[in-house]
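Chemist: Sequence:
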Amino acid sequence: MQNENAPARKIAGLSRITMAVLALAIAASFPWPTPARAESAWAQPCVAESDYEYVDDTRSIHIDRVEENGIVYFVADVQIQSASQFQTAFSGGEYGGGNELLSSMAAKAGAVFAVNADNYGAHEYGTILRNGALYRTAETTRHMLIVDREGNLSVRSDRTGENPEELGAQLVEEGALQTFEFGPELVRDGALVEFPADFTVISTRDTRREPRTAIGQIGPLHYIIVVADGRQEGYSIGMTLQELQRVFLFYGAQTAFNLDGGGSTEMWLCGEVINQPSGGEERSVSDMIWF
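Letter by letter, the sequence shown follows residues 13 to 303 of the working numbering.
Source of the hints: derived by calculation from the structure; they are not laboratory data. Check before you lean on any hint, since a few could be wrong.
[Claimed, not checked] DEER-style ranges, computed between Cβ atoms:
#, residue 1, residue 2, range
1, Y107, G283, 25 to 31 Å
2, R200, P176, 20 to 26 Å
3, G82, E206, 21 to 27 Å
Idealized CB from N, CA, C, for every residue including glycine.
Please put together the full structure from these sequences, using the hints given.
Modeler: Written out as structure tokens, the structure reads:
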């Protein structure tokens, strides 16, 4: 998403389009041999012009920094070749390991890209399964994001009458890879979700602006992750959940889910924190998602 009033980016005083035309004209005047073109293994990223990117044989990450309506946010298009590359990590390297800076966890894990997750250590609710191992089964009214064995995302929003032990056993039997307990669910089957009145984990009022972290899925092994900065007057005022929903729809998400936000909101790429945490520095958290 780009502000239509924003000036076009220039290179040495010339627009990219002008430079491209000149380059083609020069190239056409020489009888260069035409090299064979290898087909890209990746789908066209939903991010049209990347401000940050990382691409290797098994991961494609393109990140767009967007400024509009007083909000600064980052949209990461992430594609991987195997569901096993959708990884999580606990602080201290173990469940119940306290809190740790995301940048420290990411470096230890060998990640190239990471964001904060649901900060499971800050609450005692729900079913927590990470990298295929079950760690917690407890009742909750939170919404649950499930990453299945194929890397597909789905959300359980109605937890009425749920048996946590049975659910945990079922998820393990089905080979689920990850669960996250937070919410609310933002997008289902490519459409906006109406927030239920009984969801009280965080405010869903359309006037509540906060730093946000959320994740969605566009297609097989193709994800969209949004981090919105906030609580910083003059830089970024934060995003409502309703605005967050619309961002995911714009980028083509079929499923989307809100994770822990506020001072925990962070996006990290190749050794650099690329957003601006609301507290002025990284907050120690209990877990992360990484690729």
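Chemist: Looking back at the hints listed earlier, which ones does the structure fail to meet?
Modeler: none
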